[in-house]
Structures are given as C-alpha cells and as structure tokens.
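Next come the chains, spelled out residue by residue.
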Amino acid sequence: MKLPRFVIPTFIALAVLGGWEWFVRAGHVNDVLVPAPSHILQWFWWALFDQASFESGQYLAAIQKGELLPATWVTMRRLIIGFAIGAAIGIPLGALCARVRWVRDTFGVLALGLQTLPSVCWVPLALLWFGIREEAVLFVVVMGTLWAVVIAVQESVLNVQPLYLRAAQTMGSKGWHLWSRVIFPAALPGVLSGMKQGWAFAWRSLMAAEIFVVIVTGFGLGSLLNAGRELLRMDQVMGVMAVVMLVGLLADLVFFAPLERWLRRSRGLER
Amino acid sequence: MSLPIPKSNAQAALTLRNVTKRFNGSAGRVTALEDITLDVREGEFLVVVGPSGCGKSTLLSLLAGLEHTDEGAIKLGDEPVHSPGRDRLVMFQQDALFPWLNALENVLFGLRLKPGLSDAERLESARYYLNLVGLGNKEKARPHELSGGMRQRVALARSLAPNPRVLLMDEPFSALDALTREQLYGDIQAIFTKRKKTIVLVTHNIREAVCLGDRVVLFSPNPGRVQQVFDVNLPRPRRMNDPALANLAAEVTTALSSHLTADKQ
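These protein sequence lines map, in sequence, to chains A and B. Offset between the first sequence (1-based) and the working numbering: plus 11. Offset between the second sequence (1-based) and the working numbering: plus 123.
One should not assume that every hint holds.
Said to hold, decoys possible - Here are the simulated lysine to any residue pairs, SDA-like style, with alpha carbons at most 25 Å apart: (1) K317(B) to Y251(B); (2) K185(A) to L357(B); (3) K76(A) to L242(A); (4) K185(A) to S343(B); (5) K261(B) to L274(A); (6) K76(A) to V224(A); (7) K185(A) to G208(B); (8) K198(B) to L357(B); (9) K185(A) to D218(B); (10) K185(A) to G200(B); (11) K237(B) to P103(A); (12) K198(B) to L176(A); (13) K320(B) to G183(A); (14) K207(A) to K13(A); (15) K185(A) to P203(B); (16) K207(A) to L107(A); (17) K261(B) to D218(B); (18) K320(B) to Q216(B); (19) K263(B) to L176(A); (20) K207(A) to L242(A); (21) K185(A) to A243(B); (22) K261(B) to Y308(B); (23) K263(B) to L174(A); (24) K317(B) to S343(B); (25) K207(A) to R36(A); (26) K185(A) to Q217(B); (27) K263(B) to Q172(A); (28) K13(A) to V27(A); (29) K185(A) to L199(B); (30) K263(B) to R278(A); (31) K185(A) to L240(B); (32) K185(A) to R209(B); (33) K198(B) to D218(B); (34) K237(B) to H191(B); (35) K185(A) to Y308(B); (36) K320(B) to L174(A); (37) K185(A) to K261(B); (38) K261(B) to V27(A); (39) K185(A) to Q216(B); (40) K261(B) to L280(A).
Just so you know, the hints here were simulated from the structure itself, not pulled from any lab data.
Chain B extracted, bound-state conformation:
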C-alpha cells in the first residue's frame, strides 16, 4: 500500500467535479443540479443554503451515495462515491428514527453494523454519544415518548456514533420550534468544536446557515447551481441574535434575491 500523494486538494474530504443530476419529472426531464464543482475541506462545517427546488437535498443524497450523478464525479478522499457508506452518515429532516427501537437501540443500530468492535465497546460508545447530546437518562425511551428536539438529538447521536468521516445533515432543524432549534445550534457547535468533524449541512434558513457554517454556499434554483460562496469568520459559539451574524445573513439574502429577480427578467 502506497501513501497517498499530496495534491493541491489534499485537504479536501469531499470533492465534487462538474456534477450534474437530472430527474424524470411529470414535465419531462428536469435538471436538479448543473455543473457543481465544490470542495469540502477536512474538518470544515460547510452549509449549502438555497430556496426550495435548488437541488440541495439532491446534492446531499448524491454525497450520501443514495443517488447517482448523471455527469461529473464525487470523491471522498481518493475514493469515488457510488453507494451509501458508513464513512458518510446522514442526519435526516425528521423522524428517521426507528419507532420500534428505543433511543439506545437506535444509536446502536449503526454501531452494530460497524465491524471490529465488541458488543461492550458498542454499548459504551452508544451511551457516550447519548450523553454527548444530553440524553443519557433517556436510553429506554421510544421515539414517540421524546419531544421533537430530543428525537433530533438521538438522530444526531445515531449518526455520530459510528464516527463517520463526514456528517451530512439534511435540514435537520426544519421541523423544530425556534427555541429548540437555537438550543440545538449551540449543541451542534459545541460538538463540532470538540470532535472536529467534517459536516455538510443543507438548509433553506439563511440565518441558520451563517450561524453554523465556516463557509456558506448559496445555491440558485432551476437548475441548481452554485451562486456564490461566503466565508464566515465569526468566532464560535455563535448566537443567532449576534448583529455581525445578522449583517452577514442580510448579505446572503441580498445576493439570493438579486439573483432571483434577475432570473425573472
């Protein structure tokens, strides 16, 4: 086995090159994503933000390997991505927890599929991550006995526990109320700072994007394209009502709406 040769993008965890994805819709062939080229750096919190229909969820499915590109290539490190894998776990929009398992069993689900661990190690790891998201005392609770915020915390623990190289988040906060959401922003940032995980989050909430991302990639719809990339250099932990954050969010909003009006003309 040879050592990987350092390249200009050696720091990239995920690389997307000229990725295009089309779907067969009722109105014929629809281009969901067109010519996306993007690098996700190792240890980076990248947020893809855009209005609905900009193909951001499709992008996440492609990264997860649940769908395939029509053109272009996606690589994780040097390996092409073509199927789902434990190295890229997904935290979904809502209620992807299995209702027939309790919180601990849900977290164990992915761990049990990870080879090379003893049952004791798996259990210990599951408990560690449940504690990390503050639900150490809810091991036995079934999903329906937990609040929406708690459920998403269990989902977070479930996708963190097998220690994936990249964590993909598909609008995980969209179904939550504002207070719970704000709390989770704090938790995610704490975990991100502590664990140095590479995270790709997609959302339609611009404030959320600016609050969480190291970089914010603005997508424009019809077809989905990279419109603009913003660097967010604010110190963590960030708060939603921070004025600097609000300014940056306003900047992203302006960029989006100017594009949308230009599109209509």
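For reference, chain A alone in the conformation it holds in the complex:
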C-alpha cells in the first residue's frame, strides 16, 4: 500500500508540535519565554479578529479591525513598492554595468561592496535623511534589493552566450533591438534568480527596519513583533515570525516558482 505523499510529513509535524506542547505544559521550560503551540494559535485567533466586532457578527469588520491583517498589508505594501523601485532601478543599472566597462569597474565594484553590506546598516542614515517616515523604510528596502539585482543583471548579461550575439549581429541586430530581443531574453533566467535574491534581501531589510524603528506612518509586522517583545508576549513574537515565514513561502510559491518553472520548461531545462 502506498500512502499519499503528505501523510508522513503531516504526521511528523503533528508529532513535533505535540511534543513541544507537552514539553511546555509539563513545566520543563518557562511558558512565558517559550509559549506552547496552542498559545500561539490562540494569539492568531485573537490577533486576526477584533473580538468585539466578531462577537456581534460583523466578520469583515472584525478582520479589518484586527491587528494581524492590517499589519501584514502595511508590510506587504512597503515590500512590494520598495522591491519594485529597487528592481526598476537595478535592472537598467546592471545592464549599464555590463555594457560599459568603466561603469563596471567603478559602480559595479561599489555595488558588489554594497551588496555585502547588511541593509539594516542603512537605517540610521535613512532616519537622518528622511525622518521617521514611510520614505525611510522604503529607502532601506530599496537599498536591500538594488545591489543584488544590479550584480545579478550584470553577471547574467555578461554570461550571455557569445554565439547568440554573433548570430544576431550577422542578421543585422544591433543597439536596442539586440538588447531587447537577444541579450535580455537570454539573460532572463539569471535576472529572475537575481530578482528572487533581491526579494529575499528586501524582506530581511524591511523586517530589520520595522523592528528597529517605530514608523508612525504604519504599523507593520516588524512593529507587531517588537510590540510583542515589549509586552513580553512571546506568543505574539513567535506568531509574527510564523507569518513572516508564511509570506516568504507564499511569495515564492505563487510568484517566483511558477515563473521559474515556466522559463525552464519553455527552454527545455526541465520537463
């Protein structure tokens, strides 16, 4: 008999959670510092809905007034806008680095250096430049995305098969046509994995910014997590951590993974 694939992982997950629950309830650890899974689940319920509205049957209002979804929305909006700005600047800059040698030798090297700089290092500067405002958070997210995208685009453009370029040139392709019809499509897989990396960096930098700085213009997931720390509510801290992971997984699952799969399939790299 063959079990469906999900059976064993589900069983193991339940066993781990059950063990954790038992461990906490048996008093082996301080349940203030390590909350039991059931407490975290309870927090979810509590944070997802505004209890008063929920009890009066206004479920939509309950969700809107709850803590979790509005905070997630604030964070997602920052992430998407910051990532979009970073990618929109990073792609042409990366192409420029690949195209012009002295830009690569100056700006490209700088980008490589800045890519290794954890973007939380930008937070103090961002606060001084923009104040405690939305722009400061966006700036940090853009800085997190930009350099990874620049480097990835530069590398993947430089690695385009010379044979494609030669073939295209003999057929009369040059300038913008060569870039848009040959270089960019050929570099697309590399660009995409650069975007994926940029997305991961943006996500990390945003969390850092939200935890370190209370931004008055919006209460995001990072702020929620930090609030949990201040209230000594570890169920909230761990709950937010779970949401952060979930968002990251979802982004990969609904956006990057299908795009990559389509790209690989259409070029015969995977069946």
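Position chain B relative to chain A; hints supplied.
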C-alpha cells in the same frame, strides 16, 4: 549611379587580398591567418578545409564582418567588408538558435530585420524556408524539442530566409551523427542546386569538403595559409560513399599530411 565596370574578377562574389589576422594569445601574438588571397565566385560552393588551428573559423568571422583584418582587404562585390551584414549570413557550429523562440520565430528573426517587406511577406517567406528544409510541420516547436539535425535545419532556414548574397557555414554538421549528417549533405546540395546560392563552408572533415564543394581550399596551420586548391568536378547530387569522391578525398588527405610531416622536419 554608374554601372559596375567589368573587371577580371567580375564574377567574384567575395575577394580576399593578402589577408592577415593576428590574435593576442597567452603565448604572445599569434598569427591566425597569413597572406590569404582567394576569390569566391558568384554561385560557387567553396569549402575551406584544414586541421584545427588553421584559422578557418577565423576566416569565416572575417568574411562575416564579426572580426577585422590586420592587413589586406576583403570585398563583397565592390564593397569592402568591415561589419556584419545581411548580405552575408552565417550558419554556426551548433545551437545558435534562440531557445526563447520557436522554430518559426527563429526563422523570422532575420526577416524582421530586413526592411521593405510586409509582415505577411515575412511570414510567407519564413514558412517557405521551413518547408524547404522539411520542417513545415514544426513551426511551433522550441529548439529543445527538436533533434540536433532538425535544429541545424532550422538554422539553415534562418540563414537562407533573408536571401543573403553569400551563405557562410561554420562547421554546421560537426555536432551531428553520421546518418543525420549524410541526410543534410543531400538537403544542402538540393538547395544549393535549386537556389544557386554562393556558399562558403569551413570544415575539418575532408570527405565532407569533397562531397559538398565545387572547389576545396586546403588550409595548413601555424600560421593559417592556403596550401592547395582542388577543383571537384563530380556530378551532383554526390554521395559520401562514391568511390570517385573517396579517391579525391584521399588525394586531399595526402596533400595535408605531406605538408604536416614536412612542417615537423
């Protein structure tokens, strides 16, 4: 505009005069081609054959305008060759098809860059050439869904479609198995006879050279030079296992190996 004045080489599509090409290698300056003088006649199938390192691929890059001569001149008709152009299309060694385009789009790529055609004419032309190479039913196939032989057929259609004055072929059969290769030799000869195209093919395969060429130019390596020119007057279509063809191939082989041994002494 005046009419071109007929000259002694008026029949030549491509003329090479004292062409020399050097590269900066790891061991210093290397002469890839030295003092090459050669005419490619209009409507001729010229094959350049030689061992690896004889500069034959470099020669093709020079003809394509992808590289520049250090000395000497290359002309297409009366025009000097200094950059890539649609009048000289190249069919490359392997897999120069764009994997993000299907067969038809690949053939259309060059056609779309050719001015003075309507989209309908381009599409019709692309379909005509895909049919010509026997792949009319594979329009939508991506390169990876085609066999190696089919891919090279699409590549052939792609370089024929814009109707270049000269077709340059850079060892296009080297990555194929013997059976597929033989089939393509037949196809190329049929197309050559039908379309009367000027073709320059480079290869290291002497039999292939003799099978396809009207003239076979033997190159010797270090530096690349014209060693000997053979006229092939066998009727087309030629078959690889034709004894007359084998004799001629043996003759070319002997010429090459005698040169190589003389070189070592």
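Status of each hint after checking the structure:
1. With a C-alpha separation of about 14 Å, the suggested pairing of K317(B) with Y251(B) holds against the 25 Å cut-off.
2. Taking the CA atoms of K185(A) and L357(B), the gap is near 42 Å; set against the 25 Å cutoff, the hint is violated.
3. Straight-line distance between C-alpha atoms of K76(A) and L242(A) comes to about 20 Å, which keeps the hinted pair within the 25 Å bound.
4. Note on K185(A) and S343(B): the hinted pairing is violated, with a Cα-Cα distance of about 35 Å set against a maximum of 25 Å.
5. Note on K261(B) and L274(A): the hinted pairing holds, with a Cα-Cα distance of about 21 Å set against a maximum of 25 Å.
6. Distance restraint check for K76(A) and V224(A): the Cα-Cα separation of roughly 23 Å lies within the 25 Å cut-off, and the hinted pair is therefore satisfied.
7. Distance hint between K185(A) and G208(B) is fulfilled; the C-alpha atoms sit about 11 Å from each other, no more than 25 Å.
8. With a C-alpha separation of about 29 Å, the suggested pairing of K198(B) with L357(B) is violated against the 25 Å cut-off.
9. With a C-alpha separation of about 20 Å, the suggested pair K185(A) and D218(B) falls inside the 25 Å cut-off, and the hint holds.
10. The straight-line distance between the Cα atoms of K185(A) and G200(B) is roughly 24 Å, inside the 25 Å bound, and the hint therefore holds.
11. With a CA separation close to 28 Å, the supplied pair K237(B) and P103(A) exceeds the 25 Å bound.
12. A threshold of 25 Å between alpha carbons decides the hint, and for K198(B) with L176(A) the separation of about 23 Å falls inside it, so the pair holds.
13. Taking the CA atoms of K320(B) and G183(A), the gap is near 20 Å; set against the 25 Å cutoff, the hint holds.
14. Between K207(A) and K13(A) the CA atoms are separated by roughly 36 Å; this puts the pair beyond 25 Å, and the hint is violated.
15. Straight-line distance between C-alpha atoms of K185(A) and P203(B) comes to about 20 Å, which keeps the hinted pair within the 25 Å bound.
16. A C-alpha spacing of about 20 Å is found between K207(A) and L107(A), which places the hinted pair at or below 25 Å, so the restraint holds.
17. Simply put, K261(B) and D218(B) have alpha-carbon atoms about 17 Å apart, close enough for the 25 Å limit, and the pair holds.
18. In summary, the hint linking K320(B) to Q216(B) is supported, as the alpha carbons are separated by about 20 Å, within the 25 Å threshold.
19. With a C-alpha separation of about 23 Å, the suggested pair K263(B) and L176(A) falls inside the 25 Å cut-off, and the hint holds.
20. With a C-alpha separation of about 35 Å, the suggested pair K207(A) and L242(A) falls outside the 25 Å cut-off, and the hint is violated.
21. The straight-line distance between the Cα atoms of K185(A) and A243(B) is roughly 24 Å, inside the 25 Å bound, and the hint therefore holds.
22. Straight-line distance between C-alpha atoms of K261(B) and Y308(B) comes to about 21 Å, which keeps the hinted pair within the 25 Å bound.
23. About 23 Å separates the Cα atoms of K263(B) and L174(A), which keeps this hinted pair within 25 Å; it holds.
24. Distance hint between K317(B) and S343(B) is unfulfilled; the C-alpha atoms sit about 33 Å from each other, more than 25 Å.
25. For a cut-off of 25 Å, the pair hint linking K207(A) to R36(A) is broken: about 40 Å separates their Cα positions.
26. A C-alpha spacing of about 22 Å is found between K185(A) and Q217(B), which places the hinted pair at or below 25 Å, so the restraint holds.
27. Our distance criterion of 25 Å between C-alpha atoms is met by K263(B) and Q172(A), whose separation comes to about 23 Å.
28. Taken as a hint, the K13(A) and V27(A) pair is honoured in the structure, with Cα atoms around 23 Å apart against an allowance of 25 Å.
29. Restraint check for K185(A) and L199(B): satisfied, since their Cα atoms lie roughly 21 Å apart, inside the 25 Å limit.
30. About 13 Å separates the Cα atoms of K263(B) and R278(A), which keeps this hinted pair within 25 Å; it holds.
31. Simply put, K185(A) and L240(B) have alpha-carbon atoms about 19 Å apart, close enough for the 25 Å limit, and the pair holds.
32. Using a Cα cut-off of 25 Å, the hinted pair K185(A) and R209(B) holds, with the two alpha carbons roughly 12 Å apart.
33. Between K198(B) and D218(B), the direct Cα distance comes to roughly 29 Å. Violation of the 25 Å bound is thereby established for this hinted pair.
34. A hinted pair counts as satisfied when its Cα atoms are at most 25 Å apart, and K237(B) with H191(B) qualifies at roughly 24 Å.
35. At roughly 32 Å between alpha-carbon atoms, K185(A) and Y308(B) are farther apart than 25 Å, so this suggested pair is violated.
36. With a C-alpha separation of about 24 Å, the suggested pairing of K320(B) with L174(A) holds against the 25 Å cut-off.
37. The hinted pair formed by K185(A) and K261(B) fails the criterion: a straight-line CA distance of about 28 Å is larger than 25 Å.
38. Pair hint K261(B) plus V27(A) does not hold up; C-alpha atoms about 54 Å apart against a cutoff of 25 Å.
39. With a C-alpha separation of about 22 Å, the suggested pairing of K185(A) with Q216(B) holds against the 25 Å cut-off.
40. As the CA atoms of K261(B) and L280(A) are separated by approximately 20 Å, the hinted pair is consistent with the 25 Å bound.
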